[in-house]
Amino acid sequence: MSRIVVVGYGPTAHRLVETLVERGFDGSVTVIGEEPRPAYDRVALTSYLSGTTAEELTYEVPSGVVTRLSTRVTGIDRDARLVTLDGGAAEPYDVLVLATGSAPFVPRVPGAEHAFVYRTIEDLDAIRVAAKDAAEGVVVGGGLLGLEAADALRALGLKAHIVEMSPWLMPRQVDEGGGAVLKQHIEGLGLDVHAGAGVQEIVHAGGRVKGLRTPDGTVLDAQVVVFSAGIRPRDELARSSGLEVGERGGIVVDSSMRTSDPSIYAIGECALAGGMVYGLVGPCNTMAEVAADRIMGGSATFEGADMSTKLKLLGVEVAQFGAMTGALDVTYMDPVGGVYKRLFISDDAKTLLGGICVGDASPYTSLRPFVGKELPAAPSDLLFSGAGAALDLPDEAQVCSCNNVCAGDVRAAIADKGVTDVSGIKACTRAGTTCGSCVPMLKQLLEKSGVEISKALCEHFTYSRAELFDIVRVRGISTFSQLIAEHGQGRGCDICKPAVASILASLHNGHVLDGEMAALQDTNDHFLANLQKNGTYSVVPRIPGGEITPDKLIVIGEVARDFGLYTKITGGQRIDLFGARVEQLPEIWRRLVDAGFESGHAYGKALRTVKSCVGSTWCRYGVQDSVGLAIALELRYRGLRSPHKLKSAVSGCARECAEARSKDFGIIATEQGWNLYVGGNGGFKPRHADLLATDLGTDELIRTIDRFLMFYIRTADRLQRTAAWLESLDGGLDYLREVIMEDSLGICGDLDAQMEHHIATYADEWAATLDDPEKLSRFVSFVNAPGIPDPSIVFASERGQIKPVMAR
Amino acid sequence: MSWTRICEYDAMLPERGVCALVGGVQVAVFRTHEGTLHALDNLDPFSGAYVLSRGIVGTRKGEPTVASPLHKQVFSLVSGRCLDEDAVTVPVYPVRVAAGGVEVGVS
Ligand code: SRM
Ligand SMILES: Cc1cc2nc3c(=O)[nH]c(=O)nc-3n(C[C@H](O)[C@H](O)[C@H](O)COP(=O)(O)OP(=O)(O)OC[C@H]3O[C@@H](n4cnc5c(N)ncnc54)[C@H](O)[C@@H]3O)c2cc1C
Ligand code: SF4
Ligand code: FES
Numbered sequence: 001m002s003r004i005v006v007v008g009y010g011p012t013a014h015r016l017v018e019t020l021v022e023r024g025f026d027g028s029v030t031v032i033g034e035e036p037r038p039a040y041d042r043v044a045l046t047s048y049l050s051g052t053t054a055e056e057l058t059y060e061v062p063s064g065v066v067t068r069l070s071t072r073v074t075g076i077d078r079d080a081r082l083v084t085l086d087g088g089a090a091e092p093y094d095v096l097v098l099a100t101g102s103a104p105f106v107p108r109v110p111g112a113e114h115a116f117v118y119r120t121i122e123d124l125d126a127i128r129v130a131a132k133d134a135a136e137g138v139v140v141g142g143g144l145l146g147l148e149a150a151d152a153l154r155a156l157g158l159k160a161h162i163v164e165m166s167p168w169l170m171p172r173q174v175d176e177g178g179g180a181v182l183k184q185h186i187e188g189l190g191l192d193v194h195a196g197a198g199v200q201e202i203v204h205a206g207g208r209v210k211g212l213r214t215p216d217g218t219v220l221d222a223q224v225v226v227f228s229a230g231i232r233p234r235d236e237l238a239r240s241s242g243l244e245v246g247e248r249g250g251i252v253v254d255s256s257m258r259t260s261d262p263s264i265y266a267i268g269e270c271a272l273a274g275g276m277v278y279g280l281v282g283p284c285n286t287m288a289e290v291a292a293d294r295i296m297g298g299s300a301t302f303e304g305a306d307m308s309t310k311l312k313l314l315g316v317e318v319a320q321f322g323a324m325t326g327a328l329d330v331t332y333m334d335p336v337g338g339v340y341k342r343l344f345i346s347d348d349a350k351t352l353l354g355g356i357c358v359g360d361a362s363p364y365t366s367l368r369p370f371v372g373k374e375l376p377a378a379p380s381d382l383l384f385s386g387a388g389a390a391l392d393l394p395d396e397a398q399v400c401s402c403n404n405v406c407a408g409d410v411r412a413a414i415a416d417k418g419v420t421d422v423s424g425i426k427a428c429t430r431a432g433t434t435c436g437s438c439v440p441m442l443k444q445l446l447e448k449s450g451v452e453i454s455k456a457l458c459e460h461f462t463y464s465r466a467e468l469f470d471i472v473r474v475r476g477i478s479t480f481s482q483l484i485a486e487h488g489q490g491r492g493c494d495i496c497k498p499a500v501a502s503i504l505a506s507l508h509n510g511h512v513l514d515g516e517m518a519a520l521q522d523t524n525d526h527f528l529a530n531l532q533k534n535g536t537y538s539v540v541p542r543i544p545g546g547e548i549t550p551d552k553l554i555v556i557g558e559v560a561r562d563f564g565l566y567t568k569i570t571g572g573q574r575i576d577l578f579g580a581r582v583e584q585l586p587e588i589w590r591r592l593v594d595a596g597f598e599s600g601h602a603y604g605k606a607l608r609t610v611k612s613c614v615g616s617t618w619c620r621y622g623v624q625d626s627v628g629l630a631i632a633l634e635l636r637y638r639g640l641r642s643p644h645k646l647k648s649a650v651s652g653c654a655r656e657c658a659e660a661r662s663k664d665f666g667i668i669a670t671e672q673g674w675n676l677y678v679g680g681n682g683g684f685k686p687r688h689a690d691l692l693a694t695d696l697g698t699d700e701l702i703r704t705i706d707r708f709l710m711f712y713i714r715t716a717d718r719l720q721r722t723a724a725w726l727e728s729l730d731g732g733l734d735y736l737r738e739v740i741m742e743d744s745l746g747i748c749g750d751l752d753a754q755m756e757h758h759i760a761t762y763a764d765e766w767a768a769t770l771d772d773p774e775k776l777s778r779f780v781s782f783v784n785a786p787g788i789p790d791p792s793i794v795f796a797s798e799r800g801q802i803k804p805v806m807a808r
Numbered sequence: 001m002s003w004t005r006i007c008e009y010d011a012m013l014p015e016r017g018v019c020a021l022v023g024g025v026q027v028a029v030f031r032t033h034e035g036t037l038h039a040l041d042n043l044d045p046f047s048g049a050y051v052l053s054r055g056i057v058g059t060r061k062g063e064p065t066v067a068s069p070l071h072k073q074v075f076s077l078v079s080g081r082c083l084d085e086d087a088v089t090v091p092v093y094p095v096r097v098a099a100g101g102v103e104v105g106v107s
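For the protein sequence lines, the chains are L and P, in the order given. Numbered according to the UniProt record's numbering, the first sequence spans residues 1 to 808. Numbered according to the UniProt record's numbering, the second sequence spans residues 1 to 107.
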């Protein structure tokens with residue numbers, strides 16, 4: 001057996017030849033494909049419309065494999081053991097593998113010849129051209145691919161309709177209840193769903209499509225129609241050469257992937273294995289691996305495959321695993337939040353049979369491996385996310401369905417090969433390399449495997465942030481280059497550079513764009529503004545304590561109006577101006593600085609805001625001047641760089657209108673003075689701040705906060721807010737009190753001096769930038785065309801203001 | 001392919017990028033610590049925004065890289081390959097220094 005010929009060069013053929021080459025097959029391998037290029041990532045096909053090129057999607061042909069592209073196989077002469085090609089040539093084989101895939105099903109309705117299908121790069125090219133002068137499009141078929149195609153039409157700028165025969169969308173993955181919630185999501189995105197409708201005719205005139213007529217006579221206007229109504233295995237070669245094919249199509253194979261002729265295999269979407277045609281890459285890859293093993297004398301078998309799916313389509317999570325019925329079921333439905341989750345359970349309520357999720361697919365990741373096994377917890381608990389994280393997976397539970405990898409395989413990679421991160425698992429097991437939906441699961445397995453998760457900041461430094469802070473401080477290091485040359489390796493990355501920039505800024509307080517510092521900053525710090533999704537920036541001037549004069553409010557309004565910016569009051573008691581292009585930032589700030597504004601550091605890991613309530617000056621309950629204190633604190637700590645952002649608030653009495661207890665440091669007025677709370681957090685994991693000290697006088701309060709902040713800055717991890725830092729501090733609040741109020745470590749003098757240095761050297765970053773032509777020269781969209789605005793930035797209008805429009 | 005001069009070599013900061021508009025194409029040009037230049041397409045394929053020139057330049061296992069400023073995916077400056085997502089690559093363009101100026105080649 002030396003000559004292998006593969007017909008069709010799709011992803012399945014690719015996995016076959018890749019496996020053969022990897023395993024050292026020593027015969028010749030020839031792949032004949034009708035498409036003009038080697039196999040490409042069909043799963044990612046849609047990304048072609050948003051700029052991924054054909055070359056990027058295309059797989060590399062494994063070395064030694066001969067390809068004949070743009071060549072169709074027209075027949076098989078089984079007696080002579082050769083295949084005939086459309087040019088008339090022939091190719092002899094010892095073993096033939098059919099990997100001809102499938103073709104989209106196009107119903108025979110009048111006008112169907114004017115419609116498109118959605119399967120190859122050429123199909124997408126054709127759709128793109130047709131979409132250029134079209135306004136509306138219809139996709140026939142509301143399954144997985146149909147929705148993807150409809151989204152693509154929408155991204156091409158068309159008003160898109162979906163026509164689905166079944167009474168609800170994605171009937172193969174979701175039930176009626178799930179379909180209803182899904183429809184709500186899809187319509188919310190501006191797509192029109194026509195469920196329970198068929199196609200009578202494609203209306204056309206003069207070679208141009210005009211619309212689609214449904215059986216009830218309705219005509220949907222459209223200039224582009226795409227069929228995505230299922231697939232048919234391409235078994236025509238097998239049929240014409242007398243191989244057994246299924247009644248409804250598909251080349252019949254046994255569990256070794258052999259057809260009725262033992263020297264011919266069939267794999268992928270063209271094969272009918274155990275009475276099933278599999279339309280997902282996972283099972284197709286497994287078939288390819290089984291065939292490769294058999295060709296090389298092995299005894300692998302294909303025993304069917306899990307058809308579970310999880311996808312995020314148009315931003316909606318949809319998942320289905322295991323069975324879609326069961327004796328018992330538990331359903332959670334939240335039509336307002338757009339969430340539907342249902343689990344199917346055996347009649348003794350012990351075994352998990354399957355599940356359906358729309359809007360929140362978290363049960364998929366945690367529960368799919370338990371299908372056919374005993375329920376790991378009460379069904380109602382399982383329906384809520386979070387419950388899944390604590391579950392212990394059995395070794396044989398499949399984690400990655402695309403590549404058929406079990407929990408045990410991943411554990412083995414961690415234990416035997418010393419893998420410590422997800423990319424290591426990917427390299428060792430292939431898990432997570434296809435659709436990526438199992439990556440959260442891989443992370444959980446890593447976390448629970450007990451591997452010593454290294455404290456190293458990243459591959460460039462083996463130290464934690466706190467250790468680096470001490471190195472920089474004790475050795476008096478002033479540049480990143482010196483630090484990495486002496487204590488690290490390589491040239492850094494997006495993790496260590498901003499972390500070191502923050503350490504250097506906390507210790508030296510120079511301008512964040514001075515010299516080499518500029519190269520360390522995240523784009524936000526680099527442009528002293530916050531990057532938005534379309535490449536524009538937002539501008540947040542500081543408004544200490546939330547207090548602002550009418551004149552300053554007018555200036556903000558005028559600036560926003562003159563530069564056409566979107567304005568919004570933030571949750572931090574100030575005003576955000578969105579949509580500025582880089583070259584506009586200096587002009588905007590010129591106006592703001594002239595009117596007395598300063599940078600609000602919304603972009604920095606630094607002090608954000610000190611919110612205030614109105615306090616004793618106006619409020620009938622107030623016992624202290626909360627606004628005055630908030631302003632004093634905000635001005636004291638403005639520009640202070642820290643491991644993560646810092647927020648504060650001051651309330652004028654115990655009613656707590658400023659929400660001080662949700663802040664990193666919060667102050668609440670008492671009759672005698674101030675109560676100081678630390679370690680509060682809103683956000684992802686809210687935490688109420690702990691009471692550190694009561695009834696402090698203003699001076700003592702400020703000194704305590706100074707030390708609290710400096711101690712945190714010295715010892716916290718990268719991106720660790722004070723809440724998490726306090727929780728991880730050995731000895732907790734009592735220890736903190738000893739260090740900063742009783743000076744148990746003898747460092748308070750040092751901490752105080754550091755804060756004095758910060759306050760004495762503070763300068764507004766924007767004012768300094770405006771005075772420095774060298775720094776200003778970086779604020780251009782194009783270095784070779786400084787006056788030209790970025791043409792990719794486009795806005796629409798909503799409620800009287802701009803909003804970004806993405807090309808996709 | 002023709003060469004287009006975009007700026008003085010000395011105007012480029014080490015370990016930062018600039019963006020140039022060349023025949024309608026947005027080209028992100030980076031200067032490494034060693035002084036080598038690399039040019040990638042400015043389009044971040046993950047977000048659809050033209051921002052790669054504004055990412056942090058560094059290295060991964062010795063290979064020079066840039067991290068997208070939007071969601072931090074890391075790309076090789078040499079091949080344009082995304083080192084966090086196998087299937088994704090951004091186009092690379094030829095770049096050179098001639099007479100003290102930076103030139104990119106876009107066909
Ligand atoms: C603008 C604003 C929303 C608004 O329109 O109101 C906002 C916007 C952003 N927030 Fe926020 N947060 C804003 C108030 C808040 C608040 C409320 C507050 O401060 O009182 C919170 C909860 C309080 C807290 O932080 O504990 C808040 C919790 C977060 C978090 C979660 C932090 C956490 O510890 O879990 C993030 C993510 C992060 O920082 O890693 C975040 C991150 C962000 C980022 C920076 C996300 C990003 O990277 O693009 C947003 C960009 C701001 C921009 O482009 O200008 N934002 N964010 C608010 C700006 C306040 C200001 O004036 O500076
Ligand atoms: C837009 C899109 C999105 C998808 N998304 C997902 C997803 O998220 N998850 C998932 O699991 N699956 C997805 N799929 C399905 C997945 O792409 C298929 O399961 C996979 O492509 C099957 O591979 P195959 O090699 O068996 O068949 P194909 O990819 O169809 O390859 C067969 C090849 O053989 C060629 N051929 C056929 N007959 C001949 C002949 N006589 N001579 C020469 N060449 C011939 C064909 O031209 C074709 O190139 C998606 C498919 C599409 C179209
Ligand atoms: S916290 Fe007290 S002082 Fe402040 S506004 Fe509320 S009630 Fe008034
Ligand atoms: S399940 Fe798709 S990559 Fe793992």
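The set of hints was computed from the structure by calculation and includes no laboratory data. Values in this document were obtained by computation on a predicted structure and should not be read as measured data. It is possible that some hints are incorrect.
As the list claims (entries may be wrong) - Between beta-carbon pairs, the in silico distance windows are:
no.: 1; chain 1: L; residue 1: D133; chain 2: P; residue 2: M1; range: 28 to 34 Å
no.: 2; chain 1: P; residue 1: M1; chain 2: L; residue 2: E247; range: 54 to 60 Å
no.: 3; chain 1: P; residue 1: R96; chain 2: L; residue 2: G571; range: 47 to 53 Å
no.: 4; chain 1: L; residue 1: A54; chain 2: P; residue 2: M1; range: 16 to 22 Å
no.: 5; chain 1: L; residue 1: D133; chain 2: P; residue 2: A99; range: 44 to 50 Å
no.: 6; chain 1: P; residue 1: G101; chain 2: L; residue 2: S478; range: 28 to 34 Å
no.: 7; chain 1: L; residue 1: G787; chain 2: P; residue 2: K61; range: 36 to 42 Å
no.: 8; chain 1: P; residue 1: K61; chain 2: L; residue 2: S380; range: 18 to 24 Å
no.: 9; chain 1: L; residue 1: Y762; chain 2: P; residue 2: Y9; range: 31 to 37 Å
no.: 10; chain 1: L; residue 1: D730; chain 2: P; residue 2: D10; range: 47 to 53 Å
no.: 11; chain 1: L; residue 1: G787; chain 2: P; residue 2: V97; range: 21 to 27 Å
no.: 12; chain 1: L; residue 1: A54; chain 2: P; residue 2: R96; range: 26 to 32 Å
no.: 13; chain 1: P; residue 1: M1; chain 2: L; residue 2: S70; range: 50 to 56 Å
no.: 14; chain 1: P; residue 1: K61; chain 2: L; residue 2: D133; range: 46 to 52 Å
Said to hold, decoys possible - So these bits of chain L aren't anywhere near chain P, every CB distance computed over 10 Å:
no.: 15; residue: A44
no.: 16; residue: T120
no.: 17; residue: G196
no.: 18; residue: S241
no.: 19; residue: P262
no.: 20; residue: T420
no.: 21; residue: A466
no.: 22; residue: A519
No residue lacks a Cβ here, since even glycine has one placed at the ideal position from N, Cα and C.
These are the hints, each one checked on the structure:
Hint check: D133 of chain L to M1 of chain P, Cβ distance near 32 Å, so the stated range 28 to 34 Å holds. Between M1 of chain P and E247 of chain L the beta carbon distance is about 56 Å. The supplied range of 54 to 60 Å therefore holds. Distance hint check: the CB atoms of R96 of chain P and G571 of chain L are about 49 Å apart, consistent with the given range 47 to 53 Å. One distance hint, 16 to 22 Å for the beta-carbon pair A54 of chain L and M1 of chain P, holds here, with the actual separation near 20 Å.
Under the hint 44 to 50 Å, the C-beta atoms of D133 of chain L and A99 of chain P, about 46 Å apart, fit the expected range. At roughly 32 Å, the beta carbons of G101 of chain P and S478 of chain L sit within the given window of 28 to 34 Å. A hinted range of 36 to 42 Å holds for the C-beta pair G787 of chain L and K61 of chain P, which are about 40 Å apart. Range check, K61 of chain P to S380 of chain L: about 47 Å between beta-carbon atoms, so the 18 to 24 Å window is missed.
Between Y762 of chain L and Y9 of chain P the Cβ separation comes to about 36 Å, which falls inside the hinted range of 31 to 37 Å. In this structure the hint that D730 of chain L and D10 of chain P lie 47 to 53 Å apart at CB holds, the actual value being about 51 Å. In this structure, G787 of chain L and V97 of chain P meet the distance hint of 21 to 27 Å, their C-beta atoms being roughly 25 Å apart. At roughly 27 Å, the beta-carbon separation of A54 of chain L and R96 of chain P lies within the given 26 to 32 Å, and the hint holds.
Against the hinted window of 50 to 56 Å, the Cβ-Cβ separation of M1 of chain P and S70 of chain L comes to about 27 Å, which falls outside the hint. The hinted window of 46 to 52 Å between K61 of chain P and D133 of chain L holds, with their beta carbons roughly 48 Å apart. A44 of chain L, annotated as away from the interface, has a beta carbon of chain P within 10 Å; the closest lies near 6 Å. No beta-carbon of chain P comes within 10 Å of the beta-carbon of T120 of chain L; the shortest separation is about 17 Å.
At the 10 Å boundary, the C-beta of G196 of chain L stays outside the reach of chain P, the nearest C-beta of that chain being 35 Å off. With a least beta-carbon separation of about 35 Å from chain P, S241 of chain L lies farther than 10 Å from that chain, consistent with its non-interface assignment. Every Cβ of chain P is farther than 10 Å from the Cβ of P262 of chain L; the closest lies at roughly 36 Å, confirming the non-interface assignment. With a minimum CB-CB distance of about 15 Å to chain P, T420 of chain L clears the 10 Å threshold, and the non-interface call stands.
The claim that A466 of chain L is not at the interface with chain P holds, since no C-beta of that chain comes within 10 Å of its own (minimum 22 Å). Distance check for A519 of chain L against chain P: the nearest CB is about 4 Å away, which does not clear 10 Å, and the non-interface claim fails.
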